[in-house]
Amino acid sequence: MTPKKHQQWLQVVGHAGNFHVGDYGTLLKRFCKEEQQCYLRLMEDNLKPFVPAYHGVVQQDKQDYNVIDNLLAHFDSPAIMDCKLGSRTYLEEELLVARERPQPRKDMYEKMITLDPEAPTNQERAQKAVLKTRYMQWRETLSSTTTLGFRIEGFTKANGECLTNFKRTKSREQVMEALDNFVGSSTQIVVVGSSLLFVHDWKGRTGVWMIDFGKAAPLPPHLTCDHRAPWVEGNREDGYLWGLDNLIDTLLNMLQLT
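Counting from 1, one number per residue, gives the positions in the sequence shown under the numbering used here.
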């Protein structure tokens, strides 16, 4: 991967410290056991062609990394887009932990007023801090995560222009405008925070892959989810297929307008 491609990848998916370029067309992603287990299952699944190939674990500078295919390796000046699927991007366990240890967060208050100065309550304004549970649930209401079951995290165009300010892209029309700018089945697994990575280049090569499985995990034996039902705390629904349905519908609507 060239330095330019590496920078493009990081601009879109973020978390610069989580990724390093590997050998022979691979990418090193900071080790996550849950993601490793998901990749191992996917390598034996019908979805294998639609995810980065998994090549095991390596250690670099005393840090373990999952080794996956570098999806940009065969593209020339690619445009890249990250679409996060699902009706929520946090685990129910994260809510429980935050409630057990409720600590007002000044950093999240600053993030909140940056997006919407009117959002904090009078109490939050006096404390200049918000609880993590409040921030996580409030943030989801700003984007199309709650209205369409997916949101655009960001994209880099072929000319190098990087756009990541989509936190308030909520309506179908706003999403279609953003997508237009870029283009210019198990019931016992919950999939939270996963994305679709869209790539195309000037030679006409295209690709779409499922990525980011750090919050994908098997459900307890007595629970199932259909990935389309609305999420209510406790039912573990993730809205993944609902978001995918809406994303496909949005793209089909765009196609009819061309």
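FYI, nobody ran anything at the bench for these hints, they're computed from the structure. Hints should not be assumed to be uniformly reliable.
Here are the computed distance ranges between Cβ atoms for each label pair [unchecked claim]:
{"hint": "1", "residue 1": "57", "residue 2": "93", "range": "19 to 27 angstroms"}
{"hint": "2", "residue 1": "127", "residue 2": "43", "range": "44 to 52 angstroms"}
{"hint": "3", "residue 1": "204", "residue 2": "122", "range": "53 to 61 angstroms"}
Simulated pairs of lysine to any residue, SDA-like, Cα-Cα distance not exceeding 20 angstroms [claimed, not checked]:
{"hint": "4", "residue 1": "170", "residue 2": "193"}
{"hint": "5", "residue 1": "128", "residue 2": "98"}
{"hint": "6", "residue 1": "33", "residue 2": "201"}
{"hint": "7", "residue 1": "167", "residue 2": "201"}
{"hint": "8", "residue 1": "170", "residue 2": "189"}
{"hint": "9", "residue 1": "167", "residue 2": "76"}
{"hint": "10", "residue 1": "33", "residue 2": "147"}
{"hint": "11", "residue 1": "33", "residue 2": "217"}
{"hint": "12", "residue 1": "33", "residue 2": "153"}
{"hint": "13", "residue 1": "167", "residue 2": "135"}
{"hint": "14", "residue 1": "170", "residue 2": "117"}
{"hint": "15", "residue 1": "170", "residue 2": "135"}
{"hint": "16", "residue 1": "203", "residue 2": "241"}
{"hint": "17", "residue 1": "111", "residue 2": "126"}
{"hint": "18", "residue 1": "33", "residue 2": "93"}
{"hint": "19", "residue 1": "111", "residue 2": "140"}
{"hint": "20", "residue 1": "157", "residue 2": "117"}
{"hint": "21", "residue 1": "167", "residue 2": "147"}
{"hint": "22", "residue 1": "170", "residue 2": "57"}
{"hint": "23", "residue 1": "33", "residue 2": "64"}
{"hint": "24", "residue 1": "111", "residue 2": "131"}
{"hint": "25", "residue 1": "167", "residue 2": "90"}
{"hint": "26", "residue 1": "111", "residue 2": "121"}
{"hint": "27", "residue 1": "167", "residue 2": "203"}
{"hint": "28", "residue 1": "48", "residue 2": "64"}
{"hint": "29", "residue 1": "157", "residue 2": "233"}
{"hint": "30", "residue 1": "33", "residue 2": "76"}
{"hint": "31", "residue 1": "170", "residue 2": "250"}
{"hint": "32", "residue 1": "33", "residue 2": "131"}
{"hint": "33", "residue 1": "132", "residue 2": "157"}
{"hint": "34", "residue 1": "132", "residue 2": "231"}
{"hint": "35", "residue 1": "106", "residue 2": "157"}
{"hint": "36", "residue 1": "132", "residue 2": "232"}
{"hint": "37", "residue 1": "157", "residue 2": "204"}
{"hint": "38", "residue 1": "203", "residue 2": "111"}
{"hint": "39", "residue 1": "167", "residue 2": "188"}
{"hint": "40", "residue 1": "157", "residue 2": "126"}
Ideal Cβ placement from N, Cα and C applies to all residues, glycine included.
CA of residue 33 to CA of residue 217, is that 20 angstroms or under?
Distance of about 10 angstroms is within 20 angstroms: holds.
Exercise for review: Measure nothing beyond the straight line between the CA atoms of residue 170 and residue 135; if it is 20 angstroms or shorter, mark the hint as holding.
Suggested key: It holds: about 17 angstroms lies between the C-alpha atoms, which stays within 20 angstroms.
For the pair supplied as a hint, residue 33 and residue 131, confirm whether the alpha-carbon distance does not exceed 20 angstroms. Violated. Residue 33 to residue 131 sits at ~28 angstroms, over the 20 angstroms cutoff.
- prompt: Regarding the pair residue 33 and residue 147, is the alpha-carbon distance no greater than 20 angstroms?
  reply: Status violated; Cα separation ~31 angstroms.
Does 19 to 27 angstroms hold as the CB distance between residue 57 and residue 93, or does it fail? 24 angstroms, holds
### Query
Has the given pair, residue 111 with residue 121, been kept, meaning a C-alpha gap of at most 20 angstroms?
14 angstroms, holds
- Query: Are residue 33 and residue 153 close enough, with their CA atoms no more than 20 angstroms apart?
  - Reply: 24 angstroms, violated
Is the Cα-Cα distance between residue 167 and residue 90 20 angstroms or less? Answer holds: residue 167 to residue 90 is near 16 angstroms, not above 20 angstroms.
- residue 128 and residue 98: Cα distance at most 20 angstroms? Holds: residue 128 and residue 98 sit about 18 angstroms apart, inside 20 angstroms.
### Task
Mind checking the alpha carbons of residue 48 and residue 64 for me, to see if they're no more than 20 angstroms apart?
23 angstroms, violated
| message | residue 170 and residue 193 were given as a pair; does the straight-line alpha-carbon distance stay at or below 20 angstroms? | response | 17 angstroms, holds
Q) Do the alpha carbons of residue 33 and residue 93 lie within 20 angstroms of each other, as the hint requires? A) 16 angstroms, holds
Checked against the numbered hints given earlier, this structure breaks hints 6, 7, 8, 9, 10, 12, 16, 20, 22, 27, 28, 29, 30, 32, 33, 35, 38, 39 and 40; the rest are met.
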